[in-house]
Amino acid sequence: MSAAHPPERDNQTLFRLEELTKIFGEGEEQVTAIQDIDLTIRSGEIFGIIGLSGAGKSTLIRCLNLLERPSSGKVIFRGVDLQSLSKKELLQERQKIGMIFQNFNLLQQRTALENVRFPLEISGMGNYRATQKAREMLQLVGLPEKERAYPTELSGGQQQRVAIARALASEPDVLLCDEATSALDPATTKSILELLKSINETLGVTIIMITHEMSVVQAICNRVAVIDTTIAEVGDVDEVFLRPASRIARELIFPKGELLERLQGSRYLRIVFDGTAAHEPIIANMTLACQTPVSILSADSRNIDGIAYGQMIIQIPEDQQETEKILSYLTSRGVTVEEVTEATAQNGLFSEEGRV
Amino acid sequence: MDFTRWLLVIGDGMTQTLYMTLVSTVFAYLIGLPLGVLLTVTGPKGIHPMPRLNQVLGIIINSLRSVPFLILLVAILPLTRRLVGTTIGSTATIPPLVIAAAPFIARIVESSLLEVDPGLIEAAESMGASPMQIITKVLLSEARSSLATGAVIATTTILGYSALAGFTGGGGLGAIAVNYGYHRYQTDVMLWTVFLLIVIVQVIQEVGMRLSRRMDARSKK
Ligand SMILES: Nc1ncnc2c1ncn2[C@@H]1O[C@H](COP(=O)(O)OP(=O)(O)O)[C@@H](O)[C@H]1O
Ligand SMILES: [Mg+2]
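Chains as they are written, first to last, in the working numbering: chain V, 8 to 363; chain D, 109 to 329.
FYI, nobody ran anything at the bench for these hints, they're computed from the structure.
In silico lysine-lysine, DSS-like type, Cα no more than 25 Å apart, as pairs:
#1 V:Lys-95 x D:Lys-245
#2 V:Lys-95 x D:Lys-153
#3 V:Lys-95 x V:Lys-81
#4 D:Lys-245 x V:Lys-94
#5 V:Lys-204 x V:Lys-153
#6 D:Lys-245 x V:Lys-153
#7 V:Lys-94 x D:Lys-153
#8 D:Lys-245 x V:Lys-103
#9 V:Lys-204 x V:Lys-140
#10 V:Lys-153 x V:Lys-140
#11 D:Lys-153 x D:Lys-245
#12 V:Lys-94 x V:Lys-81
#13 V:Lys-103 x V:Lys-204
#14 V:Lys-153 x V:Lys-197
#15 V:Lys-140 x V:Lys-103
#16 V:Lys-140 x D:Lys-245
#17 V:Lys-81 x V:Lys-103
Please work from the sequences and hints to get the whole structure.
Following this line, the structure appears as structure tokens:
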């Protein structure tokens with residue numbers, strides 16, 4: 008560490024990334040995977056990193072524990088510039104940074120318990136204590152009865168639970184999750200997200216979630232960074248979802264092709280459920296209250312802990328009066344609504360002008 | 109040739125063949141296994157890429173592998189004499205067998221280790237595992253069943269080579285086939301040795317593959 012840049016020492020900041028850039032290959036075949044990423048991740052938060060495929064998400068998260076060496080820029084973890092560490096010190100530091108993966112990456116020749124013991128064996132913990140600790144971790148993720156099962160005998164969700172237990176065994180400060188739910192079905196995804204959330208709350212482990220699904224970010228993240236090689240925007244999840252400022256964020260919230268195909272001169276509303284309108288069949292009630300039938304074009308919502316998150320696109324009547332009625336009903340129910348037109352969709356989807 | 113004498117000759121040949129094969133396999137693995145690990149680890153996708161060393165190793169291994177065994181056997185006669193004090197008999201066959209088999213084993217080991225899912229290595233690295241821990245606890249451990257299959261192939265190949273050595277004064281079943289079948293036209297003796305060689309290969313194959321399967325946790329239900 009140079010004297011000119013004293014490390015940040017406040018205990019709020021867990022990770023600080025400074026102008027992080029990673030370029031793969033040379034000459035003609037150069038690919039810039041991430042560029043000039045500046046980001047601060049705070050202790051205790053659940054931070055989402057979202058982007059389309061190839062946006063550089065995996066590269067970015069792999070830079071956090073230096074599985075990938077950045078081409079330039081800094082990774083500062085708990086005030087320590089990771090690139091200034093010796094090999095040995097880096098291996099020590101990695102024990103404080105847990106990681107889980109899309110494909111679970113469990114050792115196939117080890118039982119669940121032996122998998123969870125793995126990081127403890129690596130750190131040189133004694134046999135007996137390691138086994139005890141591994142049992143505790145399996146208990147924590149709700150799989151105490153599976154300690155002798157091999158990965159092939161476990162479902163995807165169970166395998167990810169073992170992977171989470173393994174990543175947490177060395178009591179890390181942070182858990183890096185690279186598309187941790189992308190290989191799972193919706194119900195299993197939900198249960199894994201709930202587990203991660205409770206780990207965050209009970210153990211205080213910071214979680215960094217990489218995903219290409221907005222619903223995952225909405226379900227558990229406090230803040231989110233939208234990336235597309237560079238950072239497109241960073242903010243509180245509700246903010247970004249309700250008022251996406253960047254084109255890429257809008258595209259992630261609603262894929263362009265899907266929408267354009269369906270917009271044919273009619274008028275549409277985008278209804279956003281941000282968790283405030285709970286326990287209410289809102290569309291059914293609206294139809295009753297306004298006496299207007301609407302057709303739903305697309306719905307992408309999830310129920311997390313009884314609270315609805317997501318969005319819905321509905322077709323609204325040509326009649327202006329009826330439209331007003333629908334709008335005022337929905338706003339009175341605490342959902343955010345905006346009108347979508349073909350023009351606004353074409354022009355980077357939901358632009359500022361398109362908002363009701 | 110009366111039956112008892114015949115039995116003695118064949119029994120002796122079998123013992124010598126097994127002796128040559130097993131001792132050579134053990135020594136060839138002592139050299140080939142570390143070489144195979146080194147090839148994998150220093151390879152372009154390895155945990156510690158060292159392109160120069162990897163290239164040099166590759167060239168040496170490929171060169172040794174392209175020398176026909178009979179030629180190698182003759183070419184290293186001086187070395188053999190230096191190592192075991194003689195150039196005939198079963199023990200004299202061991203050095204050339206080891207030198208011929210080690211590079212072959214290195215490649216077999218390399219291919220087994222390359223089968224290990226890179227994701228597992230990445231996970232271990234993320235937990236702070238050192239290269240040595242990755243080699244022992246991930247690569248060798250995860251590939252154990254495939255390594256055992258490789259060992260079966262290596263052993264049976266060495267057995268085949270050991271029979272060839274019968275032509276240049278080596279011992280074992282190969283020598284019996286040459287001495288009785290080739291030089292004295294006793295076809296029945298030659299057929300018997302061939303039959304016994306087939307039986308030995310079958311036994312090694314069966315036992316080895318069974319062990320390999322039992323080592324693989326993925327096949328446990
Ligand atoms: N090891 C590598 N070698 C060359 N190019 C790579 C490598 N890893 C990633 N890339 C490239 O970097 C870009 C970002 O990849 P990645 O970080 O995996 O994106 P994401 O995880 O968002 O899908 C892609 O264009 C990819 O092809
Ligand atoms: Mg990825």
